[in-house]
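Position 145 of the sequence shown, counted from 1, bears residue number 162 in the working numbering, the numbering being contiguous throughout.
Hints listed in this document are in silico derivations from the structure and should not be mistaken for laboratory results. Only true hints are included.
Computed Cβ-Cβ distance ranges for the label pairs, DEER-style: (1) S229 / L190: 34 to 44 Å; (2) D178 / K219: 26 to 36 Å; (3) I102 / P191: 26 to 36 Å; (4) S180 / G137: 34 to 44 Å; (5) E174 / M78: 32 to 42 Å; (6) S180 / T214: 16 to 26 Å; (7) L190 / L141: 30 to 40 Å; (8) I175 / K204: 12 to 22 Å; (9) L223 / P191: 31 to 41 Å; (10) G109 / G138: 13 to 23 Å.
Below 16 Å or equal to it, Euclidean Cα-Cα: the simulated EDC-like pairs (lysine to aspartate or glutamate) are: (11) K129 / D88; (12) K188 / D178; (13) K129 / D147; (14) K123 / D88.
A virtual CB, placed ideally from N, CA and C, is assigned to each residue, including glycine.
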Amino acid sequence: MATSEDAAPTAETTGTPAGTRGRVRLRRTALMAVPAVAVGAVLMTLTAQGVLAAQFAISGMPFTVTADSLDGVGFEQFGSLDHMIDGSPNAGDTGGQVLVAVSAIKQAELTKLCQSVDLGGINLLIRAGDGGTPVTATDLTTDSDLLSGDASFKNIEIGGDASTYTKAGVKGLPGVFGQQADTVTIKNLRQHNYATTAGAFKLPNLRLSFSSEGC
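Using the sequences and the hints given, assemble the complete structure.
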(Lines of atoms letter the chains of each structure in order from A and count residues from 1; the text may use other names and numbers.)
(Lines give C-alpha, C1' and ligand atoms only; values in the text may rest on other atoms or scores of the structure.)
Protein backbone atom coordinates (compact mmCIF):
# COMPACT_ATOMS: atom_id res chain seq x y z
CA MET A 1 0.00 0.00 0.00
CA ALA A 2 1.29 3.48 -0.86
CA THR A 3 2.25 5.78 2.06
CA SER A 4 2.50 9.54 2.38
CA GLU A 5 6.24 9.14 1.76
CA ASP A 6 5.70 7.55 -1.65
CA ALA A 7 6.29 10.08 -4.40
CA ALA A 8 3.81 10.09 -7.29
CA PRO A 9 5.51 9.74 -10.68
CA THR A 10 5.74 12.87 -12.78
CA ALA A 11 6.53 13.60 -16.41
CA GLU A 12 10.05 14.47 -15.31
CA THR A 13 10.63 11.22 -13.35
CA THR A 14 9.04 8.88 -15.88
CA GLY A 15 10.19 10.57 -19.07
CA THR A 16 6.64 10.20 -20.40
CA PRO A 17 4.62 13.32 -21.35
CA ALA A 18 1.59 13.87 -19.14
CA GLY A 19 -0.76 13.78 -22.16
CA THR A 20 0.56 10.37 -23.19
CA ARG A 21 0.11 9.00 -19.65
CA GLY A 22 -3.47 10.26 -19.71
CA ARG A 23 -4.24 8.39 -22.92
CA VAL A 24 -2.65 5.19 -21.58
CA ARG A 25 -4.67 5.46 -18.36
CA LEU A 26 -7.86 6.07 -20.36
CA ARG A 27 -7.22 2.99 -22.49
CA ARG A 28 -6.58 0.84 -19.40
CA THR A 29 -9.75 2.19 -17.81
CA ALA A 30 -11.75 1.34 -20.93
CA LEU A 31 -10.34 -2.19 -20.97
CA MET A 32 -11.57 -2.70 -17.41
CA ALA A 33 -15.00 -1.15 -17.87
CA VAL A 34 -16.47 -2.00 -21.30
CA PRO A 35 -19.05 -4.84 -21.21
CA ALA A 36 -19.88 -7.18 -24.11
CA VAL A 37 -23.44 -8.51 -23.91
CA ALA A 38 -25.15 -11.21 -25.98
CA VAL A 39 -28.92 -11.60 -25.96
CA GLY A 40 -29.99 -13.53 -22.86
CA ALA A 41 -26.59 -13.66 -21.11
CA VAL A 42 -23.72 -11.43 -19.96
CA LEU A 43 -20.75 -12.57 -22.03
CA MET A 44 -17.82 -10.80 -20.36
CA THR A 45 -16.07 -7.65 -19.12
CA LEU A 46 -13.04 -6.57 -21.13
CA THR A 47 -9.76 -6.02 -19.30
CA ALA A 48 -6.15 -6.38 -20.44
CA GLN A 49 -4.38 -7.90 -23.43
CA GLY A 50 -4.71 -11.66 -23.94
CA VAL A 51 -2.12 -13.99 -25.43
CA LEU A 52 -4.10 -14.71 -28.59
CA ALA A 53 -3.69 -11.21 -29.97
CA ALA A 54 0.09 -11.71 -30.28
CA GLN A 55 -0.25 -14.46 -32.91
CA PHE A 56 -0.32 -12.12 -35.92
CA ALA A 57 -0.76 -8.46 -36.86
CA ILE A 58 -4.31 -7.78 -38.01
CA SER A 59 -5.02 -5.86 -41.22
CA GLY A 60 -7.46 -3.57 -39.40
CA MET A 61 -10.19 -4.30 -41.95
CA PRO A 62 -13.16 -5.83 -40.06
CA PHE A 63 -15.34 -8.56 -41.51
CA THR A 64 -18.85 -9.74 -40.73
CA VAL A 65 -19.75 -13.35 -39.88
CA THR A 66 -23.30 -14.64 -39.56
CA ALA A 67 -24.76 -18.10 -39.02
CA ASP A 68 -28.21 -19.51 -38.36
CA SER A 69 -26.70 -21.37 -35.42
CA LEU A 70 -23.41 -22.07 -33.69
CA ASP A 71 -23.01 -25.11 -31.44
CA GLY A 72 -19.79 -25.42 -29.50
CA VAL A 73 -18.14 -27.75 -27.00
CA GLY A 74 -15.54 -26.16 -24.72
CA PHE A 75 -16.09 -22.38 -24.61
CA GLU A 76 -14.00 -19.50 -23.25
CA GLN A 77 -14.20 -15.73 -23.59
CA PHE A 78 -12.08 -12.83 -22.35
CA GLY A 79 -10.85 -9.39 -23.39
CA SER A 80 -7.81 -8.56 -25.49
CA LEU A 81 -6.13 -6.00 -27.73
CA ASP A 82 -5.39 -6.77 -31.38
CA HIS A 83 -2.52 -4.92 -33.03
CA MET A 84 -1.90 -3.66 -36.57
CA ILE A 85 1.51 -3.17 -38.12
CA ASP A 86 3.26 0.15 -37.50
CA GLY A 87 1.96 2.75 -39.93
CA SER A 88 -1.04 0.69 -41.03
CA PRO A 89 -3.30 2.71 -43.37
CA ASN A 90 -6.28 1.23 -41.52
CA ALA A 91 -5.23 2.47 -38.07
CA GLY A 92 -7.29 5.67 -38.21
CA ASP A 93 -7.44 7.19 -34.72
CA THR A 94 -7.08 3.82 -32.95
CA GLY A 95 -3.30 3.99 -32.56
CA GLY A 96 -3.17 0.62 -34.35
CA GLN A 97 -4.94 -1.20 -31.51
CA VAL A 98 -8.46 -2.65 -31.45
CA LEU A 99 -10.27 -3.69 -28.28
CA VAL A 100 -11.81 -7.14 -28.85
CA ALA A 101 -13.60 -10.00 -27.16
CA VAL A 102 -11.71 -13.25 -27.76
CA SER A 103 -14.10 -16.21 -28.04
CA ALA A 104 -12.49 -19.66 -28.10
CA ILE A 105 -14.33 -22.92 -28.85
CA LYS A 106 -12.69 -26.34 -28.81
CA GLN A 107 -15.15 -27.92 -31.27
CA ALA A 108 -17.70 -25.88 -33.23
CA GLU A 109 -20.44 -26.43 -35.80
CA LEU A 110 -21.98 -23.54 -37.76
CA THR A 111 -25.08 -23.79 -39.93
CA LYS A 112 -25.47 -21.49 -42.95
CA LEU A 113 -22.23 -19.59 -42.47
CA CYS A 114 -21.77 -16.26 -44.25
CA GLN A 115 -18.62 -14.12 -44.16
CA SER A 116 -18.15 -10.78 -45.90
CA VAL A 117 -15.53 -8.04 -45.97
CA ASP A 118 -16.12 -4.61 -47.48
CA LEU A 119 -13.33 -3.86 -49.95
CA GLY A 120 -14.57 -0.35 -50.65
CA GLY A 121 -17.87 -0.46 -52.52
CA ILE A 122 -17.74 -4.19 -53.22
CA ASN A 123 -17.93 -7.09 -50.77
CA LEU A 124 -15.93 -10.32 -50.87
CA LEU A 125 -18.56 -12.88 -49.87
CA ILE A 126 -18.06 -16.46 -48.63
CA ARG A 127 -20.92 -18.87 -47.94
CA ALA A 128 -20.77 -22.47 -46.70
CA GLY A 129 -22.58 -25.02 -44.58
CA ASP A 130 -26.00 -24.45 -46.13
CA GLY A 131 -26.35 -27.69 -48.08
CA GLY A 132 -27.32 -29.93 -45.17
CA THR A 133 -23.79 -30.37 -43.78
CA PRO A 134 -22.61 -27.74 -41.26
CA VAL A 135 -19.25 -26.00 -41.20
CA THR A 136 -16.98 -27.61 -38.58
CA ALA A 137 -13.95 -26.19 -36.80
CA THR A 138 -11.55 -27.26 -34.06
CA ASP A 139 -9.67 -24.85 -31.79
CA LEU A 140 -11.71 -21.98 -33.24
CA THR A 141 -11.04 -18.45 -31.99
CA THR A 142 -12.61 -15.16 -33.07
CA ASP A 143 -11.62 -11.61 -32.10
CA SER A 144 -14.79 -9.48 -32.17
CA ASP A 145 -15.82 -5.99 -31.18
CA LEU A 146 -19.53 -6.74 -31.70
CA LEU A 147 -21.41 -9.99 -31.15
CA SER A 148 -25.15 -10.68 -31.01
CA GLY A 149 -27.52 -13.65 -30.98
CA ASP A 150 -29.65 -15.78 -28.68
CA ALA A 151 -27.15 -17.54 -26.43
CA SER A 152 -27.36 -20.45 -24.00
CA PHE A 153 -24.60 -22.10 -21.97
CA LYS A 154 -24.10 -25.29 -19.96
CA ASN A 155 -22.12 -25.17 -16.70
CA ILE A 156 -20.99 -21.59 -17.19
CA GLU A 157 -18.41 -19.94 -14.92
CA ILE A 158 -18.34 -16.12 -15.00
CA GLY A 159 -15.65 -13.97 -13.44
CA GLY A 160 -12.74 -16.40 -13.38
CA ASP A 161 -9.13 -15.54 -14.11
CA ALA A 162 -8.65 -16.22 -17.83
CA SER A 163 -5.09 -17.48 -17.27
CA THR A 164 -6.56 -20.51 -15.45
CA TYR A 165 -9.06 -21.51 -18.14
CA THR A 166 -9.06 -25.04 -19.58
CA LYS A 167 -12.35 -25.56 -21.45
CA ALA A 168 -11.05 -24.52 -24.89
CA GLY A 169 -7.30 -24.81 -24.36
CA VAL A 170 -6.68 -21.04 -24.64
CA LYS A 171 -5.43 -18.86 -21.79
CA GLY A 172 -5.55 -15.12 -21.22
CA LEU A 173 -3.15 -13.09 -19.12
CA PRO A 174 -3.21 -13.30 -15.32
CA GLY A 175 -5.89 -11.09 -13.80
CA VAL A 176 -8.04 -10.96 -16.93
CA PHE A 177 -11.78 -11.32 -16.23
CA GLY A 178 -13.56 -13.87 -18.41
CA GLN A 179 -16.00 -16.74 -18.58
CA GLN A 180 -15.99 -20.37 -19.67
CA ALA A 181 -18.60 -23.09 -20.15
CA ASP A 182 -18.89 -26.74 -21.12
CA THR A 183 -21.06 -25.89 -24.14
CA VAL A 184 -22.42 -22.84 -25.95
CA THR A 185 -25.27 -22.46 -28.42
CA ILE A 186 -25.95 -19.19 -30.24
CA LYS A 187 -28.90 -18.82 -32.60
CA ASN A 188 -28.92 -16.04 -35.22
CA LEU A 189 -25.23 -15.37 -34.65
CA ARG A 190 -23.76 -12.11 -35.91
CA GLN A 191 -20.16 -11.04 -35.34
CA HIS A 192 -18.04 -8.04 -36.34
CA ASN A 193 -14.56 -9.59 -36.35
CA TYR A 194 -10.95 -8.56 -36.79
CA ALA A 195 -9.37 -12.02 -36.70
CA THR A 196 -10.23 -15.73 -36.80
CA THR A 197 -7.96 -18.73 -36.25
CA ALA A 198 -8.66 -22.46 -36.25
CA GLY A 199 -6.70 -25.67 -35.98
CA ALA A 200 -8.93 -27.21 -38.65
CA PHE A 201 -11.75 -25.60 -40.65
CA LYS A 202 -14.06 -27.57 -42.99
CA LEU A 203 -16.44 -25.59 -45.21
CA PRO A 204 -18.82 -27.86 -47.17
CA ASN A 205 -20.60 -26.30 -50.17
CA LEU A 206 -18.14 -23.39 -50.16
CA ARG A 207 -18.82 -20.50 -52.56
CA LEU A 208 -16.74 -17.36 -52.95
CA SER A 209 -18.08 -14.36 -54.86
CA PHE A 210 -18.21 -10.57 -55.00
CA SER A 211 -21.42 -8.78 -54.15
CA SER A 212 -22.75 -5.27 -53.66
CA GLU A 213 -24.20 -6.45 -50.32
CA GLY A 214 -22.53 -8.15 -47.37
CA CYS A 215 -23.86 -10.70 -44.89
